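Note that the protein sequences, when read in sequence, are chains A and B.
Every position in the first sequence, counted from 1, becomes a number in this note's numbering once 1134 is added.
Every position in the second sequence, counted from 1, becomes a number in this note's numbering once 10 is added.
Hints were generated in silico from the structure; no laboratory data involved.
All values reported here derive from a predicted model rather than from experimental measurement.
Incorrect hints may appear among the rest.
Said to hold, decoys possible - Straight-line Cα separation of at most 27 angstroms, DSSO-like style, residue types lysine-lysine; simulated pairs:
| no. | chain 1 | residue 1 | chain 2 | residue 2 |
| --- | --- | --- | --- | --- |
| 1 | A | Lys1465 | B | Lys31 |
| 2 | B | Lys127 | A | Lys1402 |
| 3 | A | Lys1319 | B | Lys127 |
| 4 | A | Lys1217 | A | Lys1443 |
| 5 | B | Lys140 | A | Lys1402 |
| 6 | B | Lys41 | A | Lys1497 |
Said to hold, decoys possible - Cβ-Cβ distance ranges computed for the label pairs, FRET-style:
| no. | chain 1 | residue 1 | chain 2 | residue 2 | range |
| --- | --- | --- | --- | --- | --- |
| 7 | B | Arg24 | A | Glu1378 | 55 to 63 angstroms |
| 8 | B | Phe149 | A | Arg1391 | 54 to 62 angstroms |
| 9 | A | Leu1434 | B | Tyr104 | 29 to 37 angstroms |
| 10 | A | Gly1431 | B | Asn28 | 49 to 57 angstroms |
| 11 | A | Glu1449 | B | Asn95 | 22 to 30 angstroms |
| 12 | B | Arg24 | A | Asp1447 | 34 to 42 angstroms |
| 13 | A | Pro1444 | B | Tyr104 | 43 to 51 angstroms |
| 14 | A | Pro1444 | B | Asn95 | 34 to 42 angstroms |
| 15 | A | Glu1449 | B | Glu22 | 54 to 62 angstroms |
| 16 | B | Arg24 | A | Gln1489 | 50 to 58 angstroms |
| 17 | B | Arg24 | A | Lys1439 | 29 to 37 angstroms |
| 18 | A | Glu1534 | B | Phe26 | 42 to 50 angstroms |
| 19 | B | Phe149 | A | Gly1246 | 25 to 33 angstroms |
| 20 | A | Glu1534 | B | Ser18 | 30 to 38 angstroms |
As the list claims (entries may be wrong) - Which stretches of chain B does chain A cover? Using the computed rule of at least three CB atoms under 8 angstroms from a CB of chain A, they are:
| no. | segment |
| --- | --- |
| 21 | 13–22 |
| 22 | 27–35 |
| 23 | 38–48 |
| 24 | 51–58 |
Glycine included, each C-beta is placed from N, C-alpha and C at the ideal position.
Chain by chain, the residues:
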Amino acid sequence: MACMRICPTQAIRVRGTKASLLKDRCIDCGECVRVCPNSAIVPQTSSFSDFSKFKYTVAIPSPVFYSQFGKDVSPSTILSALKKIGFNDAYDVACASEAVSIGIQEYLDSVGSPRPLISPFCPAIVRLIQIRYPNLLDHLIPIESPMEIAAREAKHQKMKELGLKDTEIGVIYLTPCPAKMLAIKHPPRKKHSFVDGTIAISEIYPSVLQALPGVSQNGEMPEVRGLGLGWPILGGQVASLKAEDCLAIGGLSEAVRIFEDIENGKLKDIQYVEVHSCPTSCVGGSLNVENSYIARGRVLRMVRKFGSKPCQDREKIRELYRKNFFSLPGKIPPVPLQPLDEDISKALQKLQQKQQMYEQLPKIDCGACGSPTCMAFAEDVILGNAHVDECVFIAVKNFEALSSSLVETIHRHSQKISNTRETLRP
Amino acid sequence: MVMPFSQSFTIEGRNFFNAGKASTEIKSLLKQLGIDAMIIRRVAIATYEAEMNVVMYAQQAVLTFEVTPEAIRIVVDDRGPGIPNIDLAMQEGYSTATAEMREMGFGAGMGLPNIKKNADELKIESAVGKGTKLQMTIFIN
């Protein structure tokens, strides 16, 4: 039941002893993965053997990965360790984050409205907007994610270097959350992602940890540096921008409050809102191993150590920006929830019925029926997906009514029997 | 004949904590009815502005929300100071907000003009010292 209660979009129902998912409501935030006491919810990542079809593999770890090891293990050492455990190469994403932050700044400086613009890099947030705030889709800044930029660059570079075909190079993203996997399988606005597969950080962590002692601390891989290293923590994006009047929001309930405000026409003086479904941003992803606050401390330490030296030439990136290096083609489509009925007259009727049904319920959101709230249960009943008796309070009331009428009937009949006996007595 | 759906909300003056709850709830109801997103946005902005006017200036109001297959109607009937000059209040930039309200980002004099811009029909009746009644309609088709 923990999963049903925590789900921010009320996408889970428990009927019988099994939890089931209402797919069109799920935003892949991973909260259910985090709280399931039986580890029954497992996201579908890939494993090493899936990549044997590629001639050449490149790992692109989310910069969160750098924060999962001891505080003195440098990012470049971690990239070396990835090569040691079997990837042909490993490519840093933090540097792409820095490039993307320059791209965001260019966009803010050149496009005047709408405001505030919203970061599109947390796929769970994008999905939340597609489902519940279609009005805000044009607030999502149309800039490609660091993950996609890094994957594209890695692929192109290797194709050139090795003379391989696109399909022969496998770019594998090491992901902190299930939402990123969704973004790769079903990119919201285009057909194809440059990433060919994902492995959960928690899955690859043990082998990298084991390989680390044998990896030399200096040398093999170029030093990872720049403000992109700060992107995995809350406020990391904002810190890498020049713009003032930016906000950083962590957690879905806070995100919902901000989106309601923006939809009501507020916050127009804010330039950019960085929003994450996880309260502590990407270091809090459900597929990480390290405690998110410890990981945050390590990220801050890395930023202090390597952040001040930029890894990108600002002018060069601005030039690339003008050549649409960061642009996303097409629009993100809305994926609105099914209304109660396609026909508005019928929908109105069902809404009335739902409110009436709700009035009969105990309104304590106990969840025993298998729906997360009494309101959700009322809707499930009206749409024919649950039976009203599944509410224990209603069932008890019905049973009481039934048993008292039964008692009454028995009483009446026994009366009749004794009366009949009286009259038939000779 | 389809019965209109209706629901009422009480809005308390000076209660900034609950400010915006009615418009949030109304948005959620309209989404369940499958109303077009652009229409929902107009309803949201108009309702929110009306709600904030009550929170900032009046003592209390009853907001009645009604939907038929053709239109969305919102009536906000408040007990409050009333508006002495409605034409003036309808002008963009005109505001009687206090310094504190402006400090909080309100009182730009866009409330009523914004409601007018987003509603298809708007009717305002006001009696100074008694209150104001705002009736707005947004058509669905």
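Against the structure, the hints come out as follows:
1. Lys1465(A) x Lys31(B): Violated, at about 31 angstroms.
2. Lys127(B) x Lys1402(A): Holds - the C-alpha atoms of Lys1402(A) and Lys127(B) are around 17 angstroms apart, at most 27 angstroms.
3. Lys1319(A) x Lys127(B): 42 angstroms, violated
4. Lys1217(A) x Lys1443(A): At roughly 25 angstroms apart (the allowed maximum being 27 angstroms), Lys1443(A) and Lys1217(A) satisfy the hint.
5. Lys140(B) x Lys1402(A): It is violated: about 34 angstroms lies between the C-alpha atoms, which goes past 27 angstroms.
6. Lys41(B) x Lys1497(A): Roughly 22 angstroms separates the two Cα atoms, so the pair holds.
7. Arg24(B) x Glu1378(A): 55 to 63 angstroms: For Glu1378(A) against Arg24(B), whose Cβ atoms are near 32 angstroms apart, the range 55 to 63 angstroms is violated.
8. Phe149(B) x Arg1391(A): 54 to 62 angstroms: Hint violated: Cβ distance 30 angstroms, outside 54 to 62 angstroms.
9. Leu1434(A) x Tyr104(B): 29 to 37 angstroms: Given a distance of about 48 angstroms, which is not inside 29 to 37 angstroms, the answer is violated.
10. Gly1431(A) x Asn28(B): 49 to 57 angstroms: 38 angstroms, violated
11. Glu1449(A) x Asn95(B): 22 to 30 angstroms: 56 angstroms, violated
12. Arg24(B) x Asp1447(A): 34 to 42 angstroms: 55 angstroms, violated
13. Pro1444(A) x Tyr104(B): 43 to 51 angstroms: 49 angstroms, holds
14. Pro1444(A) x Asn95(B): 34 to 42 angstroms: 58 angstroms, violated
15. Glu1449(A) x Glu22(B): 54 to 62 angstroms: 56 angstroms, holds
16. Arg24(B) x Gln1489(A): 50 to 58 angstroms: Distance hint for Arg24(B), Gln1489(A) is violated at roughly 29 angstroms.
17. Arg24(B) x Lys1439(A): 29 to 37 angstroms: 50 angstroms, violated
18. Glu1534(A) x Phe26(B): 42 to 50 angstroms: 45 angstroms, holds
19. Phe149(B) x Gly1246(A): 25 to 33 angstroms: This hint holds: roughly 31 angstroms between Cβ atoms.
20. Glu1534(A) x Ser18(B): 30 to 38 angstroms: 33 angstroms, holds
21. 13–22: holds (count 4)
22. 27–35: Since 3 is at least three, the answer is holds.
23. 38–48: Our answer is that it holds, as 8 residues pass the Cβ test (under 8 angstroms) against chain A, meeting three.
24. 51–58: Coverage by chain A holds here, the residue count being 4 at a Cβ distance below 8 angstroms.
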